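Participant: Line order of the protein sequences matches chains A and B.
Each residue of the first sequence is one higher than the one before, starting from 1 at the first, in full-length UniProt numbering.
Each residue of the second sequence is one higher than the one before, starting from 1 at the first, in full-length UniProt numbering.
Source of the hints: derived by calculation from the structure; they are not laboratory data.
Treat the hints with care, as some may be off.
Stretches of chain B that chain A covers, calculated by requiring three or more beta carbons in the stretch to come under 8 Å of a beta carbon on chain A [unchecked claim]:
no.: 1; region: 20-29
no.: 2; region: 78-87
Quick list of in silico lysine to any residue cross-link-like pairs, SDA-like style, CA-CA up to 20 Å [claimed, not checked]:
no.: 3; chain 1: A; residue 1: Lys-65; chain 2: B; residue 2: Ile-6
no.: 4; chain 1: A; residue 1: Lys-65; chain 2: B; residue 2: Gly-50
no.: 5; chain 1: B; residue 1: Lys-19; chain 2: A; residue 2: Gly-33
no.: 6; chain 1: B; residue 1: Lys-45; chain 2: A; residue 2: Arg-117
no.: 7; chain 1: B; residue 1: Lys-19; chain 2: A; residue 2: Arg-44
no.: 8; chain 1: A; residue 1: Lys-65; chain 2: B; residue 2: Gly-78
no.: 9; chain 1: A; residue 1: Lys-65; chain 2: B; residue 2: Val-26
no.: 10; chain 1: A; residue 1: Lys-65; chain 2: B; residue 2: Pro-8
no.: 11; chain 1: B; residue 1: Lys-19; chain 2: A; residue 2: Ile-116
no.: 12; chain 1: B; residue 1: Lys-45; chain 2: A; residue 2: Pro-31
no.: 13; chain 1: A; residue 1: Lys-65; chain 2: B; residue 2: Ile-56
no.: 14; chain 1: B; residue 1: Lys-19; chain 2: A; residue 2: Asp-50
no.: 15; chain 1: A; residue 1: Lys-65; chain 2: B; residue 2: Pro-40
no.: 16; chain 1: A; residue 1: Lys-65; chain 2: B; residue 2: Tyr-39
no.: 17; chain 1: A; residue 1: Lys-65; chain 2: B; residue 2: Gln-37
no.: 18; chain 1: B; residue 1: Lys-19; chain 2: A; residue 2: Pro-99
no.: 19; chain 1: B; residue 1: Lys-19; chain 2: A; residue 2: Ser-68
no.: 20; chain 1: A; residue 1: Lys-65; chain 2: B; residue 2: Ile-21
no.: 21; chain 1: B; residue 1: Lys-19; chain 2: A; residue 2: Pro-31
no.: 22; chain 1: B; residue 1: Lys-19; chain 2: A; residue 2: Gln-62
Remember, predicted model here, so these are calculated numbers, not experimental data.
Glycine residues also receive a C-beta, built at the ideal position from the N, C-alpha and C atoms.
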Amino acid sequence: MLTIHARLVDAMIAQALNDHPVETCGIIAGPAGSNWPLRLIPMRNAAQSDNFFQFDPQQQLQVWKEMSARCEEPVVIYHSHTSSQAYPRRSDVELATEPQAHYVIIPTQHLYQAEIRSFRIADQMVIEERVRIVRQYQPELELQMVA
Amino acid sequence: MPITVIIPTRLRSLTNQQKRIAIEGVKVSEVIERMEQQYPGIRAKLIFDGSAYHFINIYVNDNDIRLHDGLATNLQDGDIVTILPALTAD
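Bound-form chain A, shown alone (with noise of 0.2 Å):
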């Protein structure tokens, strides 16, 4: 189960409203090992694509050094679906490359509703899993959302 602060689901939600018909995608990070996502990041869809996403390179090694400097990790790794329902195509599942991670899909187009859905994905298989989301976390947790 994904357990998130309403804040970063409407920060991914308002991103990829925002971006759309461009797919959006991004990361939040969190402390290495405890499942709670703190740290929003938007990451820059390089392909620019209504159908493809790719982390900017640069970008992407920026923000995992930075990541590995703070002893955290992607807990939470969004993309949106432009024009196709919230669930994980081939090339998601064949490419997912983070075991730990919650794989978020954010559905942009009217008619799938903008409802996140969260999934595992280990060795090309797929579990959708419940999405929890909570008004606040504990109070040592701390938010933060990156510009």
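On the provided structure of chain A, position chain B as indicated by the hints.
Facilitator: Same frame as chain A, now just chain B:
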């Protein structure tokens, strides 16, 4: 001084869970060949038909090798080679 290679989480099962590997080499391809000798199987995760997979990013210090000479990119003593899975999907 050797080259430091930073291994992504997903490939650490091949490197005895080591995150950083110190290895000698004057080109990225040579470093990968030497890693293959010590950690068999790692080359096949990175290279196909003489090129790095499109879903693998390899950097020398802060530079993506695709923007330089690819696997033939030269290395200097003390360089850091970072391997990251490219996050991409269509």
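Participant: Take the hints in turn and mark each one as holding or not.
Facilitator: These are the hints, each one checked on the structure:
no., hint, in the structure
1, 20-29, "violated (count 0)"
2, 78-87, "holds (count 5)"
3, Lys-65/A / Ile-6/B, "10 Å, holds"
4, Lys-65/A / Gly-50/B, "28 Å, violated"
5, Lys-19/B / Gly-33/A, "16 Å, holds"
6, Lys-45/B / Arg-117/A, "30 Å, violated"
7, Lys-19/B / Arg-44/A, "27 Å, violated"
8, Lys-65/A / Gly-78/B, "17 Å, holds"
9, Lys-65/A / Val-26/B, "24 Å, violated"
10, Lys-65/A / Pro-8/B, "11 Å, holds"
11, Lys-19/B / Ile-116/A, "33 Å, violated"
12, Lys-45/B / Pro-31/A, "28 Å, violated"
13, Lys-65/A / Ile-56/B, "16 Å, holds"
14, Lys-19/B / Asp-50/A, "35 Å, violated"
15, Lys-65/A / Pro-40/B, "26 Å, violated"
16, Lys-65/A / Tyr-39/B, "24 Å, violated"
17, Lys-65/A / Gln-37/B, "27 Å, violated"
18, Lys-19/B / Pro-99/A, "17 Å, holds"
19, Lys-19/B / Ser-68/A, "11 Å, holds"
20, Lys-65/A / Ile-21/B, "16 Å, holds"
21, Lys-19/B / Pro-31/A, "17 Å, holds"
22, Lys-19/B / Gln-62/A, "17 Å, holds"
Violated hints, in rising order: 1, 4, 6, 7, 9, 11, 12, 14, 15, 16, 17; the structure is consistent with all others.
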